[in-house]
Amino acid sequence: MCVASEDRTIPMLDLIDDNLRKDKSMGSLSEKGAITGIGETEYSRNSGRSSTRLQLEASLTAIADAGLSPKEIDGVIPYATGDTVAEDFITNLGLPDLRFSATTPLGGASVLASVQAAICAIDCGVANHVLIPIGRNGSSGAGGRIGSRVQNLPQFRAVGEFEMPLGQIAPAQLYAHMARRHMETYGTTSAQLGEIAVTMRQHALLNDNAIMKEPMTLDDHQNSRMISDPLRLFDCCLESDGAAAIIVSGADRAKDMAQPPIYIMGIAEGHPDSPSTITQRPDMTTLGTAKAAPRAFEMAGVKHSEIDVAEIYDCFTYIVLCQLEDLGFCKKGEGGAFVENGRIRLGGELPVNTHGGLLSQAHMISLNHVVELVKQLRGQAGRAQVRDAEIGLVTGYGDMGDGAVAIMRR
Amino acid sequence: MMQEYKVERLWPNPTQDTKPYWDGLLEGKILIQQCADCGTFRHYPRPVCPECYSMDFKWREAAGHGTVHSWSISYHAFHPVFKKGLPTAYITVDLPEGVRLCAPLRDGDAEEIAIGKELKLGVELLEEGLATPIVRFASET
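Taken in order, these protein sequences are the chains called A and B. The first sequence begins at 1 in the working numbering and counts up by one. The second sequence begins at 411 in the working numbering and counts up by one.
Please keep in mind that the hints were generated in silico from the structure rather than gathered at the bench. Check before you lean on any hint, since a few could be wrong.
[To be verified] To give an idea of the chain A side of the interface with chain B (calculated C-beta under 7 angstroms), a few residues: (1) Glu31; (2) Ile169; (3) Ala176; (4) His177; (5) Met226; (6) Asp229; (7) Thr279; (8) Gln280.
Glycine included, every Cβ here is placed at the ideal spot set by N, Cα and C.
Generate the whole structure from the sequences, applying the supplied hints.
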């Protein structure tokens, strides 16, 4: 009756293989959609403006970047657990005929799940141009700080009832169990997590719109105070104010729009076993990303070696390391060694989070990761530009384990 | 970056599916659901067996011991009520029933936690009307 984690993971992998075989007979979203517009506000600790206003600023920037009039937006996917709804965009932007709205509550994986939903809607002819905005005053708190409302979200019902009353309240505390299990099983070290933090900071220093402006050394990381062992302060992402927005359009229309279109070659979301609670997960060192990644790569028809740049969701350093494994850039357990020796730095084999990520640029729930990948593939990434970047990957992760992956090309 | 929660103690908000678990804790028992049809244990409490989809089940008292699956040690309390006694180790426990439990470690040195280490389960009354599971090293007398 005793169920070892190793035993339980095998049926899951079989299921993924089965699903991959089925996928071949299913329709594919590959090359059906493109990101045609991007927008961001400044990222800060105190925006001084409402979250709604921030999202409208970023949305208008993205719509203008796409060369569209706001009146041409006929789909909106607001952040499922944010503080705006599609109606706010109709009202404020005077949208005459919104034909598609939805929400995709996957926490930090929501954005890419929204892109997937947008492409579905576009491919079926329901909408032409879908706006995906995200904004928050995650630092200054106008509209509600991030942590205090978590217990009340339905996707955290199990954690809220059974773990938070014990004192395990913050993601840093809950995710520490995953990181510790990985360290004990595979020998992953805090210094390897530190290499990720130092890399994100180094990249943020090249980005004028990054909140963190000071260099970080590995010693700084190792000396930062322990929050929830094994996670130190510098293993944790920022809380920040600001907004970002993107426009998703059909691939056929994208060719004639204002910016070079960035085509979505492959996209998928994945939910882990025991999606609501990490403690009950058969294999605590695997995320939903492990289910999404094979589908996204299969759909895109590209090999890992063809990925020029990767923007990987980084709420915590460990989550980057775990996703690199779940994405298949290295084997399970080899993520620690993979990030060493500058491999994920600009100039390395796989530059990761060229904007500084959630750890050192700002926490825009992965929409800043999508914006950065689009900039990289357009050749608009400034001092952090990866030379000749043609194909890139972006991930989202959230709500205790959901994962989403997109592979894009210029 | 990380500020305290400006709320009262985070109380569980039990449903019809989960209330017997909390009532059991108040009687000093850790209750786990067992499917009445296929015998599979499940935790946290929920309406249906994921193996055979039966909604018939029995509450079973946990055997009372387990082993370390993983752990974390909190140095920062994200709620003022948990500041006392920091740092606090929280252990994910593999139970012989095949499910896991999550509970704070009492009376043991966090330095000695290791995967597979034997634990015994207990129940602690946090305040009137709220009891939660705790664990101790099996070697503690």
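Hint check:
For Glu31 of chain A, the shortest C-beta to C-beta distance to chain B is roughly 37 angstroms, which exceeds 7 angstroms, and the interface hint is violated. Restraint check, Ile169 of chain A versus chain B: the minimum CB separation of about 4 angstroms is within 7 angstroms; hint holds. The beta carbon of Ala176 of chain A is positioned within 7 angstroms of a beta carbon in chain B (closest approach about 3 angstroms), and the interface hint is therefore held. Hint status for His177 of chain A: holds, given a least beta-carbon distance of 4 angstroms to chain B, under 7 angstroms.
With a least beta-carbon distance of about 4 angstroms to chain B, the hint placing Met226 of chain A at the interface is held under the 7 angstroms criterion. Using the Cβ-Cβ criterion of 7 angstroms, the hint placing Asp229 of chain A at the interface with chain B is satisfied: the shortest such distance is roughly 4 angstroms. With a least beta-carbon distance of about 4 angstroms to chain B, the hint placing Thr279 of chain A at the interface is held under the 7 angstroms criterion. Given the 7 angstroms rule on beta carbons, the hint for Gln280 of chain A holds: about 5 angstroms separates it from the nearest Cβ of chain B.
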